[in-house]
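Next come the chains, spelled out residue by residue.
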Amino acid sequence: MSTTLLPEERPLDSHRRTKSSQSKRYGFFPGCVAKESCKELFNSTMLLADKLGIELIELTAASCCGASVVNDVNGDVARVLNARTYAQAEVLGLDDVITICSTCTGHMRAANKELRENEERMSQANAILGKFGAKYQGNVTVRHLLWLLIDDIGLDRLRSMVVRPLNGLKVAPFYGCHIIRPESVNGWESARNPHSLEDVIEAIGGEAVDYAGKTRCCGFHIQLEKDNVATDMVGQNMRMAQDHGAEAVITPCPLCHLALDGYQQDSAARWGRTDLPTFHLPQLVAFALGVPPEKLGLNKHLIDPRNVMVARELIS
Amino acid sequence: MAKITLDVFRFDEAVDTVPHRDKVEVDIPETTTVLDALEFAKAEVDGSISFRRSCRSAICGSCSMNINGITGLACKTPCNTVMDKNGTVKVDPMPNFQPMKDLVVHMDPFWDKYTRLKPYLQPPDKDEEHATERRVSPEDMKKLVAVANCVMCATCYALCPVVSVDPAFAGPAAIAYAYRFIEDVRDGERKERIAQISEDYLWLCAHCYACSYCPKHVDPNDRIIDVKRSAIAERVMMDERGPRHALIVSKTIKQTGMLAETEVIQGTIGRFNIKGLLKVAPLGLRMLSRGKMPPPFVKPIPKVDEVRTIFESLEVPV
Numbered sequence: 000m001s002t003t004l005l006p007e008e009r010p011l012d013s014h015r016r017t018k019s020s021q022s023k024r025y026g027f028f029p030g031c032v033a034k035e036s037c038k039e040l041f042n043s044t045m046l047l048a049d050k051l052g053i054e055l056i057e058l059t060a061a062s063c064c065g066a067s068v069v070n071d072v073n074g075d076v077a078r079v080l081n082a083r084t085y086a087q088a089e090v091l092g093l094d095d096v097i098t099i100c101s102t103c104t105g106h107m108r109a110a111n112k113e114l115r116e117n118e119e120r121m122s123q124a125n126a127i128l129g130k131f132g133a134k135y136q137g138n139v140t141v142r143h144l145l146w147l148l149i150d151d152i153g154l155d156r157l158r159s160m161v162v163r164p165l166n167g168l169k170v171a172p173f174y175g176c177h178i179i180r181p182e183s184v185n186g187w188e189s190a191r192n193p194h195s196l197e198d199v200i201e202a203i204g205g206e207a208v209d210y211a212g213k214t215r216c217c218g219f220h221i222q223l224e225k226d227n228v229a230t231d232m233v234g235q236n237m238r239m240a241q242d243h244g245a246e247a248v249i250t251p252c253p254l255c256h257l258a259l260d261g262y263q264q265d266s267a268a269r270w271g272r273t274d275l276p277t278f279h280l281p282q283l284v285a286f287a288l289g290v291p292p293e294k295l296g297l298n299k300h301l302i303d304p305r306n307v308m309v310a311r312e313l314i315s
Numbered sequence: 000m001a002k003i004t005l006d007v008f009r010f011d012e013a014v015d016t017v018p019h020r021d022k023v024e025v026d027i028p029e030t031t032t033v034l035d036a037l038e039f040a041k042a043e044v045d046g047s048i049s050f051r052r053s054c055r056s057a058i059c060g061s062c063s064m065n066i067n068g069i070t071g072l073a074c075k076t077p078c079n080t081v082m083d084k085n086g087t088v089k090v091d092p093m094p095n096f097q098p099m100k101d102l103v104v105h106m107d108p109f110w111d112k113y114t115r116l117k118p119y120l121q122p123p124d125k126d127e128e129h130a131t132e133r134r135v136s137p138e139d140m141k142k143l144v145a146v147a148n149c150v151m152c153a154t155c156y157a158l159c160p161v162v163s164v165d166p167a168f169a170g171p172a173a174i175a176y177a178y179r180f181i182e183d184v185r186d187g188e189r190k191e192r193i194a195q196i197s198e199d200y201l202w203l204c205a206h207c208y209a210c211s212y213c214p215k216h217v218d219p220n221d222r223i224i225d226v227k228r229s230a231i232a233e234r235v236m237m238d239e240r241g242p243r244h245a246l247i248v249s250k251t252i253k254q255t256g257m258l259a260e261t262e263v264i265q266g267t268i269g270r271f272n273i274k275g276l277l278k279v280a281p282l283g284l285r286m287l288s289r290g291k292m293p294p295p296f297v298k299p300i301p302k303v304d305e306v307r308t309i310f311e312s313l314e315v316p317v
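Read top to bottom, the protein sequences are chains X and W.
Under numbering that gives the first Met the number 0, residue 315 is the last one in the first sequence; the count climbs by one each step, no gaps.
Under numbering that gives the first Met the number 0, residue 317 is the last one in the second sequence; the count climbs by one each step, no gaps.
Do not rely on the hints blindly, as some may be mistaken.
For lysine-lysine, the following DSBU-like pairs were computed, each having C-alpha atoms within a straight-line distance of at most 30 Å [to be verified]:
no.	chain 1	residue 1	chain 2	residue 2
1	X	112	W	75
2	W	278	X	38
3	W	250	X	112
4	W	84	W	100
If you want the footprint, here are the derived chain W segments under chain X, 3+ residues with CB under 8 Å [stated by the list, open to error]:
no.	segment
5	223-237
6	263-277
Calculated directly from the structure, the hints in this document are not laboratory data.
Since this is a predicted model, take the numbers as computed values, not measurements.
Cβ atoms here follow ideal geometry from the backbone N, Cα and C, with glycine treated the same way.
From just these sequences and the hints, can you work out the full model?
Listed below in structure tokens is the structure:
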């Protein structure tokens, strides 16, 4: 069974810590959903960064990553849009770009890989960027906050920072496809047997629930395509999670969050009631590190997570 | 040599109502493939264990099964890469299929989706006499080689989460095989083929990349994207939600730099599709009650002109 590679074993170019991350300053790419319907994710990320003692500097002029959908229209546009974002990060001296969405992670990394490995594509992008005086040199690394927690902060340090352990709350990890697949693009850990989320859940005092649904798809990208299909995908996965004892779910992806939080009510007809509250990754970590729960936007969730937190005596 | 326990799913549709499991111990080198381990068990321990196999070298595509929760070709999977710490290898039939006997499944739904493709060339002049062969340049052939390697093992179909909840979806293999004919310069039914695969829910692919585990590196995930692009380029079924969604997402990014959620939902369903909008209204209201609605309009990002320049330079049709 393949396991997570140790940091020194990982391919250097795509997961390395760059100069800017050694000074704990990171370029921050929040993505569209954290700025629109999941503002609680954006806010809790910033609060978590404070607790971790790192500086997330938002790339405010960055565009959407392409959200995997733009690719269906044109094969080049998402890559060039991301090249523009990377050029901005380079100008700001922020080569280490941090994301908080699985889909952003996968698609920005895919674009970066193509740009850096294919000269023709890099020069195509730079020819267009040149029209407005920008240039991407190829120095950016894109990583998810989840990987930053493990590589830069470290699980031991994270554990030592916990002031409100989760009292064994049974949390089901839900990765979100694009942070693990395709493995050739992400490759930070095994896509078939990942355990970064489990490691974080345990570091903050929770109990990770193992179930087959954790690496499956939430159906977000086809929610509007055909009635009930995405809803059934949510129901199927949450049924598995609950049958394995989960009291809550944690996800590093706001798209998964929208699907899991929004569609469980509708999936109950076919899959039975699950009502598992879904935490954004930074919400639960920030809570454990002492951020006041009322600042985390828990009241924004359709399935209120505060009930299980009361039951576990995490809040009163 | 190592002691390996095969934990085998047993079921015979002719006599059983529920499946059971048998544990079979075999003494073999731990680098033995799961298929050879099963062959050994069948020859030496229990001759009634049923599974499909032929070539034993990842060419025939017969032996795909679920091995310790991972679906793939048994002939390409050494036991020591999948067994747990007690040396157990759990084998089950492929998910998304009805079991027939032990590891053998009913493949009919999978073949039906191939048959619907007319998986043979339809040259434009097929009824005329031909003095010469139809030539393809090596350059044109390059595009088709990877898909031509498909051995129809159905691993991708078994892994597909959309198939698992909606068997009407064509599935990754059939769409990749449709690509093989859509992009063949000798074929004369490009548009008809795109329309047919669109009707079989091309746009229901969830972008999950589960099919990136193809044992023959066909990468159906990427071919599905190629077929969608061809569908938009050929303007096939443009009123369906799939193409509308792809175009409205692209359009809002071009206009604002951001994916404007509210506009995307309206644009995909149709601003005047009252029935469709009412269907998403309850969720919208639930979100509204939590103060979770995306803004109705998205403020353009700084230097949004640069984004427009990118779209225009690449002649994106939005």
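Checking one constraint from the list: CA of residue 84 of chain W to CA of residue 100 of chain W, max 30 Å. Satisfied? holds, 28 Å
So is the segment 263-277 of chain W in contact with chain X by the C-beta rule, three or more residues under 8 Å, or is the coverage claim wrong? holds (count 3)
Within 30 Å, alpha carbon to alpha carbon, are residue 112 of chain X and residue 75 of chain W? holds, 28 Å
Mind taking a look at whether chain X covers the segment 223-237 of chain W? Criterion is 3 or more residues with CB to CB distance under 8 Å. It holds, with 4 qualifying residues against the three required.
Going straight from one Cα to the other, do residue 278 of chain W and residue 38 of chain X come out at no more than 30 Å? holds, 25 Å
If you draw a straight line from the CA of residue 250 of chain W to the CA of residue 112 of chain X, is it 30 Å or shorter? holds, 25 Å
In terms of the numbered hints stated before, the structure departs from none.
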